[in-house]
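**Student:** Protein sequence lines correspond, in order, to chains D and H. Its first residue numbered 1, the first sequence is counted upward by one per residue in the numbering used here. Its first residue numbered 1, the second sequence is counted upward by one per residue in the numbering used here.
Be aware that a few hints might be false.
Claimed, not checked - Quick look at which bits of chain H chain D covers, simulated, 3 or more residues with Cβ under 8 Å:
| no. | segment |
| --- | --- |
| 1 | 124-132 |
| 2 | 149-158 |
| 3 | 363-374 |
| 4 | 380-386 |
Unchecked claim - Capping the alpha-carbon separation at 25 Å, the derived lysine to any residue pairs in SDA-like fashion look like this:
| no. | chain 1 | residue 1 | chain 2 | residue 2 |
| --- | --- | --- | --- | --- |
| 5 | H | Lys338 | H | Thr290 |
| 6 | D | Lys102 | H | Asn154 |
| 7 | D | Lys102 | H | Asp180 |
| 8 | H | Lys207 | H | Ala182 |
| 9 | H | Lys338 | H | Gly292 |
| 10 | H | Lys207 | H | Thr230 |
| 11 | D | Lys102 | H | Thr138 |
| 12 | H | Lys338 | H | Thr138 |
| 13 | D | Lys102 | H | Lys338 |
| 14 | H | Lys207 | H | Arg318 |
| 15 | D | Lys102 | D | Tyr65 |
| 16 | D | Lys102 | D | Glu33 |
| 17 | D | Lys102 | H | Gly361 |
| 18 | H | Lys338 | H | Asn154 |
| 19 | H | Lys338 | H | Ala196 |
| 20 | H | Lys207 | D | Gly59 |
| 21 | H | Lys207 | D | Ser60 |
| 22 | D | Lys102 | D | Gln80 |
| 23 | H | Lys207 | H | Tyr333 |
| 24 | H | Lys338 | H | Thr269 |
| 25 | H | Lys207 | H | Asn154 |
Just so you know, the hints here were simulated from the structure itself, not pulled from any lab data. Note that the structure is predicted; figures quoted are calculated from it, not measured. Note that the Cβ used here is the ideal one computed from N, Cα and C, for glycine as well.
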Amino acid sequence: MIDYFLRWNNEAEAKLDARRLAAYLGTPVGANEFNWSLFRVLPNVQAWRPSQDVQNPDGSVTHTYLPGWFAILAMDEVLQVILNDGNLRFALDRDGPPYVIKNNIGAVLQDLAVSPIFAGSHYPLGGIN
Amino acid sequence: MTDLRQLHFRFRTDAGTADASPTWGAGEDVNYYPGTANFRLRIGLRNASTVVAATPWELYVSRNGDAYTPVTTTVAKGVQSVDAGASADDTQVLIPRLYPFTTDWILSGAAIDLDFAGSRIYPGASFTDYLSITRASTGYAKTASGTLTSFSTNTLRITDLGLLVEDARTNIVLRSQEFDNASWNAGSSTITANQAVAPDGTTTMDKLTEDTGTSQHIAYQQITITANTTYAVSVFVKDVDRRYIQLSAGDQATQTHAFYCYADLQAGTITDTGSTGSGTFTSASIEAFTGGVYRITVVGKVNATDTVAFFIAALSDRATQAGGSLQAWRPSYTGTSKSMHLWGAQMEAASFASSYIPTSGTSATRAADSVTPIGSLESVIAGTSMTSVVDFQSITDATGLTQTLIADSNSGFTYLYSQSRTLANSYSGVVLSATLGSSLTAFIGAKFGYAQTIGTGRSVVAGGGTVASDAGSITSGGGLAIGNQSGASYAYAYFRRMTMWNSKLADATLDALTAP
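Looking at chain D on its own, in the form it has when it is part of the complex (with noise of 0.2 Å):
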């Protein structure tokens, strides 16, 4: 299984563009709402870098969210019109090793976490475990 992490500016920016990828995201809900496919996409998960990460007092921690809006696509298969979309971050592969597919954003995901992430899709990298 594949998860294709996306990112846009924000949610309703993504509802507007995933329009171009319907087959696979979801279904056009008239002219400024799009209904997920939750049974493969999970929207709006927070991302941040582990490193930038503040230990409060009371024991608690406060994340640093990357800006952005983001979502992961789960499919069985390495689709290259995915890989090659311009939103995507990167893609990594559940049944790895190798456990990256493709990354756009530099050998940063050692530090990178994200939140939530579909059950059964723990990585060996960095806080996405």
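Please arrange chain H on chain D, whose structure you already have, making use of the hints.
**Tutor:** Quick look at chain H alone, frame taken from chain D:
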């Protein structure tokens, strides 16, 4: 019925595929540890020294004592080997069972009969001949005996309770079954990892042991929540010698606003519920699992403005709170080194708990079950005349839910759905509803029926109640779905059985078929 008394069944695993020259293993009718590769079962049927004639047989296999699933219905005369599929890991126990094949169970005249709970299929060999599934995550389902079975991605979650269909849910508790992890804190107590068998069969239940101080003896985790949102908080627990637990969620900032329930782990009952401060209690429930384990669930809202909450499992020396003070939220008492087992903590933004979603270092989402009828099942539903009877059991008695059984996303029509626990409806521009039969308790289980001939008329009935009919009908738009409509109104139910006819049955027949 075939007389089984003189027959001799022998099973053994077989690494090869050839049927010639079998070499029987020492074991007969015994358990095997087949390993992770695909394995085959070699089967011979004999009556004394005589090879049994080619009576139709059904071969079923159970793994780790779970429900028996069919391997083949075409066991023939003599010795043969059949593919029995793969095993999840090399610790699983394979238990074969052979039945004489019978069609007695099939409802009269049915074109397709899918008995999910009974692992019986007519006329095909596999449920996947009729249903496709997309779910991008793993998922759990419960068995009748109270175990939890894990299913891989894109796999129908079928146990002897039926086919489970749910929407996506996210568990925001981290390290949900690792209470000894740094994500958790222990107050006036200690946590010891992996001390008892959990409902999934793994020895991963942790032990929470109170100290001898006079204090709150708790395991808790600080969690970021969405303000003004209702959460379902749940955990699997087992009594060791501390009988009562208080499960709660409360705000971190003032530690004043909370909702909670108490449970008795010997009686298996919810003994008290409540809230403090601006917390709102909605509901609580307790569900039995195997091995004396219970899943406790409490639903409520912390406080409208709070964004950080505590998930708290508190040992308690009493069954009820006393007076509603802050102390009653997290009971304080003098410990005597008693303990309880914990596993599977879950907190989800919802009005009821869904199936368990394990987490590790980050929150995890169980994807929605997108179940689609295919092949002949799709054809029968979309046919000119059809009848469907669905026996299903909701996993929740929450009110106000629309729970879809069969729908067409493209046309927007719903063949069968349930709403607010009292109606079974069909929609084709005009809602046609039928009240549940009075003898049923809502959502302990019910059979819903729908029949139509396109352009002529339709009938709907629930639980053997009064049949409702009119001249409407549904023409499929080609977007048929089981358990949801357009990715919404999910069933949150086990479909125990789904039977289809390619004709419109008479109202009296439909009524009888849905009787409890």
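**Student:** Which of the stated hints cannot be reconciled with the structure, identified by number in ascending sequence?
**Tutor:** 1, 4, 7, 10, 12, 13, 16, 18, 25
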